[in-house]
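Start from the sequences, fold in the hints, and give me the full structure.
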Amino acid sequence: MEEHSHAEPHGSIYCERLDPSFWAEPVNAVSNLAFLIAALWMWHRIARFGAGDARDLARVLCGLLAGTGIGSFLWHTFAVDWAVFIDVAFIALFSLTYIYAANRRYWGLGRGAAGLGTLAFLPYAAVVGPAFAQLPFFEISFYYWPLPLLIFAYGLGLWRRRPETGRGLVIGAALLCVSLFFRSIDEAVCDVVPVGTHFIWHVLNGVMLGWMIEVLRRDGARGPAGA
Numbered sequence: 064m065e066e067h068s069h070a071e072p073h074g075s076i077y078c079e080r081l082d083p084s085f086w087a088e089p090v091n092a093v094s095n096l097a098f099l100i101a102a103l104w105m106w107h108r109i110a111r112f113g114a115g116d117a118r119d120l121a122r123v124l125c126g127l128l129a130g131t132g133i134g135s136f137l138w139h140t141f142a143v144d145w146a147v148f149i150d151v152a153f154i155a156l157f158s159l160t161y162i163y164a165a166n167r168r169y170w171g172l173g174r175g176a177a178g179l180g181t182l183a184f185l186p187y188a189a190v191v192g193p194a195f196a197q198l199p200f201f202e203i204s205f206y207y208w209p210l211p212l213l214i215f216a217y218g219l220g221l222w223r224r225r226p227e228t229g230r231g232l233v234i235g236a237a238l239l240c241v242s243l244f245f246r247s248i249d250e251a252v253c254d255v256v257p258v259g260t261h262f263i264w265h266v267l268n269g270v271m272l273g274w275m276i277e278v279l280r281r282d283g284a285r286g287p288a289g290a
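In my numbering, each residue's number is its place in the sequence shown (first place is 1) plus 63.
In case anyone wonders, no lab produced these hints; they're calculated from the structure.
Keep in mind it's a predicted model, so treat the numbers as computed, not measured.
Don't be surprised by glycine CBs; every beta carbon is placed ideally from N, CA and C.
One or more of the hints may lead you astray.
[As the list claims (entries may be wrong)] Here are the in silico distance ranges between beta carbons for each label pair: (1) F148 <-> Q197: 24 to 32 Å; (2) F148 <-> P186: 20 to 28 Å; (3) V258 <-> Q197: 26 to 34 Å; (4) V258 <-> L179: 22 to 30 Å; (5) F201 <-> C253: 18 to 26 Å; (6) V252 <-> G220: 35 to 43 Å; (7) R223 <-> G126: 30 to 38 Å; (8) A284 <-> D254: 43 to 51 Å; (9) R224 <-> A189: 24 to 32 Å; (10) Q197 <-> E250: 13 to 21 Å; (11) W104 <-> L198: 33 to 41 Å; (12) A194 <-> F141: 27 to 35 Å; (13) F148 <-> C253: 48 to 56 Å; (14) E250 <-> D144: 16 to 24 Å.
Structure (structure tokens):
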């Protein structure tokens with residue numbers, strides 16, 4: 064999801080990267096531990112979860128969360144096309160899997176309807192993303208902004224039916240907005256903060272994605288899907 068050059072390290076996207084070497088972004092690279100820590104912590108927490116679709120989906124999400132950290136580490140070290148592909152793939156798979164889990168668990172949809180609802184994210188993002196690209200500040204991370212907007216909408220829609228889940232999703236959307244703020248100002252603060260702020264995006268994103276799995280875990284512990 065981040066611009067990149069072909070087959071050679073990119074040297075201009077992040078404040079921290081001043082040369083093409085593997086460890087040119089040590090803080091950005093190491094901060095990806097936040098994803099792995101969150102994945103391991105949530106894997107431990109869902110071990111106390113009852114069996115069923117929610118638990119299985121939570122386990123898949125934990126694996127994808129760990130993969131997100133690995134993919135981002137590869138991007139911030141190798142900084143070439145195949146690394147950014149892995150980074151983007153895990154982010155996309157986590158997002159789509161969570162939407163499917165939300166459709167199944169929070170709304171009580173069948174597998175087919177939940178799958179179609181998940182696929183509907185693609186045209187939604189294709190319309191909403193470019194709209195954000197026209198806005199000052201938002202254009203830097205325009206391809207991410209449809210996600211907090213959708214999470215916020217799900218949270219409001221569930222607020223009365225499943226209030227704890229609705230509140231949890233709104234908190235997740237707010238965390239993602241704060242995280243995106245730090246991602247978006249990275250280049251703008253290079254002169255003041257040479258290491259940049261992209262690493263804060265990693266840390267807050269690890270917290271936010273772990274929290275989203277926790278929202279699913281708590282919902283799954285409360286009773287039937289869609290109730």
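Problem set entry | Hints violated by the structure (numbers, ascending) | 4, 13
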